[in-house]
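2 protein chains.
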Amino acid sequence: MGKRVSDLGEFGLIALLTGEIKNNDPSLIRDFGDDTAFVRFGEKILLLTVDTLVEDVHFLRRYPPDAVGWKLVSVNVSDIAAKGGKPLWGLITLSLPPDLEVEYVRDLYRGINEALNRYGFSLVGGNTTKGEKICLDFPLVGEAKRVIFRDTPKVGDKIFVSGTLGDSRAGLELLLEERKDYKPHEWRLIERHLRPVARLDLSPVVEKYANASMDISDGFLADLGKMVKNFTAVVDLKRIPLSEELKRYCAERGKDPIEYALRGGEDYELLVASDIDLTPYGFTEVGRITSEGKGEIYTADGRRLDIEGFDHLRGSD
Amino acid sequence: MGKRVSDLGEFGLIALLTGEIKNNDPSLIRDFGDDTAFVRFGEKILLLTVDTLVEDVHFLRRYPPDAVGWKLVSVNVSDIAAKGGKPLWGLITLSLPPDLEVEYVRDLYRGINEALNRYGFSLVGGNTTKGEKICLDFPLVGEAKRVIFRDTPKVGDKIFVSGTLGDSRAGLELLLEERKDYKPHEWRLIERHLRPVARLDLSPVVEKYANASMDISDGFLADLGKMVKNFTAVVDLKRIPLSEELKRYCAERGKDPIEYALRGGEDYELLVASDIDLTPYGFTEVGRITSEGKGEIYTADGRRLDIEGFDHLRGSD
Chain A
0 MGKRVSDLGE FGLIALLTGE IKNNDPSLIR DFGDDTAFVR FGEKILLLTV DTLVEDVHFL
60 RRYPPDAVGW KLVSVNVSDI AAKGGKPLWG LITLSLPPDL EVEYVRDLYR GINEALNRYG
120 FSLVGGNTTK GEKICLDFPL VGEAKRVIFR DTPKVGDKIF VSGTLGDSRA GLELLLEERK
180 DYKPHEWRLI ERHLRPVARL DLSPVVEKYA NASMDISDGF LADLGKMVKN FTAVVDLKRI
240 PLSEELKRYC AERGKDPIEY ALRGGEDYEL LVASDIDLTP YGFTEVGRIT SEGKGEIYTA
300 DGRRLDIEGF DHLRGSD
Chain B
0 MGKRVSDLGE FGLIALLTGE IKNNDPSLIR DFGDDTAFVR FGEKILLLTV DTLVEDVHFL
60 RRYPPDAVGW KLVSVNVSDI AAKGGKPLWG LITLSLPPDL EVEYVRDLYR GINEALNRYG
120 FSLVGGNTTK GEKICLDFPL VGEAKRVIFR DTPKVGDKIF VSGTLGDSRA GLELLLEERK
180 DYKPHEWRLI ERHLRPVARL DLSPVVEKYA NASMDISDGF LADLGKMVKN FTAVVDLKRI
240 PLSEELKRYC AERGKDPIEY ALRGGEDYEL LVASDIDLTP YGFTEVGRIT SEGKGEIYTA
300 DGRRLDIEGF DHLRGSD
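If you're matching them up, the sequences are chains A and B in order. Just so you know, numbering that gives the first Met the number 0 puts 297 at position 298 of the first sequence, and the rest follows in order with no gaps. Just so you know, numbering that gives the first Met the number 0 puts 132 at position 133 of the second sequence, and the rest follows in order with no gaps.
These are computed hints drawn from the structure, not numbers from a lab. Among the clues, some could well be false.
As a list, the in silico DMTMM-like pairs of lysine to aspartate or glutamate whose alpha-carbon atoms are at most 20 Å apart [stated by the list, open to error]:
#1 B:K132 / A:E295
#2 A:K85 / A:D235
#3 A:K132 / B:E172
#4 B:K144 / A:D98
#5 A:K228 / A:D180
#6 A:K2 / B:E295
#7 B:K2 / A:E100
#8 B:K237 / B:E258
#9 B:K182 / B:E172
#10 A:K144 / B:E295
#11 B:K157 / B:E295
#12 B:K132 / B:D150
#13 A:K43 / B:E42
#14 B:K2 / A:D98
#15 B:K237 / B:D276
Simulated coverage check for chain B against chain A, where a stretch passes if three residues somewhere in it have a Cβ under 8 Å from a Cβ of chain A [claimed, not checked]:
#16 5-15
#17 39-50
#18 211-224
#19 277-283
C-beta: ideal position from N, C-alpha, C; glycine also.
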């Protein structure tokens, strides 16, 4: 038998695609391999991105539909925010099972609309089709004043993250327990998973000061590994920002909150390399780009960290 | 029990969505309800569209994967061509079953690449995820020199179509027979279904002369019904362009080729209203906008035609 998609994984499939497709479009600044594509249009820079939520892969039918709608918009806006950009126009594709309740769709739209209002842009078109599972795609066009890649930090840059890390993973675990009652701190973790907020508030800081920037979706270490693929970095694990909710969750279960923060995934916080101190803007400094290299990440006491992240196509979920 | 998605149908769902989402974006020229969205960006007009192919809804696993890739690009380019525009940048979302052969994906990409070369634009980004069925989304950004809606013909305009109609439907029926051998004329009909060619060659004609324009994807009558929703039109059935292949197919089975042409769907030819004679450009004149009205379409001998088309979400396929 030939190779299967699961043998290649998500990144292998993209590599196969980019190997097959040859671009010589002069308007193209960067295509695959970043949070968004960058294209030049007249005097302007446009950002193009698309992310998908698939039932039973990214969410379950029993999740609140308005949260699914909110998250669909937010994960795409997060990519634009990571490039220091501004979202302009969204499109939507809905593949829906014919026996799905209209009430579900109405709630889904309500969540989408809430997110559009929050982030201040418009849904301008879309498309519905039949499918066995709910499958939602949200192509998004944004604008940027300058080009900020994910993998162009400078040696000596400080590494910053926004917010707290690892909450979403804990929230997912709690959701999958299917309990009837949750404690308030557990609800807050669940909300972090169900209704992530794209850090569009920090986009102007990225635009001004970032040498490299991306959003944290596959887990801090996996994403930092992409940022520093041509560098060596040191991370001070004691500085990784953790919420009180996550610490309590882990204390109650004898787990290590740092592991959640390093490998959790779906944080939708920003990871930025800069030579400016960004802590006044609400970022936390967590490390430094020490030299050119091959993507090695070390702890402050010299231990090498394994950067392996989560891959949806290989994942065992 | 509450209402289901299948009770609303594709157009009802879009209406629900557009009712829920309120746009007050000054850059927006037109959102839902046309082949593409139109937005103003600086001095320019951008066209935004997205169309989806879902396994077992739009294609079967046994179809040649390169044809599926070709069609994915073509159906989206067709929307841009219908607006007299030019495709600029595409994105792709691939939801793939983990056990799908990599060879399949390679062939799919080959078809996509062939179409990109043919239509002369670039794929600039994308996204892969896991799904039970193959689900392909192709968001596309294009550019237009002026705004041409689908539903703004003028009274007195002639109605034109490009190419021949109904072939794709016959090709689909042949495909579903799953025969081992097909005759040459049958193969050509099958090709019309599997590998439609977007009429980007006619986009400059649309851009110059159309008062209203759209592509024919849901069937000629259903789509003409959308164009003339505020008008009354007359169609001369004897002028509807039919291929020799379709005539032979229908003759062999005692079927009426006009029915295929009127209601077939997936032709991806252009439907244009203009006060200029477009027959020198390869269009066929098939009717006329006779007055303002409520979407009635009559034959030359005064019989009213039923415009009901195919709806993927209600369809019994």
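Here's how the hints hold up against the structure:
1. B:K132 / A:E295: Measuring from Cα to Cα gives roughly 38 Å; hence the hint is violated.
2. A:K85 / A:D235: violated (32 Å)
3. A:K132 / B:E172: Not satisfied, since the Cα-Cα distance of roughly 26 Å exceeds 20 Å.
4. B:K144 / A:D98: The given pair, whose Cα atoms are some 42 Å apart, is violated under the 20 Å limit.
5. A:K228 / A:D180: Answer violated: K228 (chain A) to D180 (chain A) is near 43 Å, above 20 Å.
6. A:K2 / B:E295: Measuring from Cα to Cα gives roughly 55 Å; hence the hint is violated.
7. B:K2 / A:E100: Roughly 6 Å separates the two Cα atoms, so the pair holds.
8. B:K237 / B:E258: holds (12 Å)
9. B:K182 / B:E172: holds (14 Å)
10. A:K144 / B:E295: violated (50 Å)
11. B:K157 / B:E295: Measuring from Cα to Cα gives roughly 16 Å; hence the hint holds.
12. B:K132 / B:D150: violated (35 Å)
13. A:K43 / B:E42: holds (11 Å)
14. B:K2 / A:D98: holds (9 Å)
15. B:K237 / B:D276: holds (18 Å)
16. 5-15: That given contact holds, which follows from 7 residues of the stretch 5-15 of chain B lying within Cβ reach (below 8 Å) of chain A.
17. 39-50: Since three or more residues must qualify, the claim that chain A covers the stretch 39-50 of chain B holds, with 9 doing so at under 8 Å.
18. 211-224: Since three or more residues must qualify, the claim that chain A covers the stretch 211-224 of chain B is violated, with 0 doing so at under 8 Å.
19. 277-283: Violated, because only 0 residues of the stretch 277-283 of chain B bring their Cβ atoms closer than 8 Å to Cβ atoms of chain A.
Figure legend: structure checked against the earlier numbered hints; hints not met, in rising order: 1, 2, 3, 4, 5, 6, 10, 12, 18 and 19.
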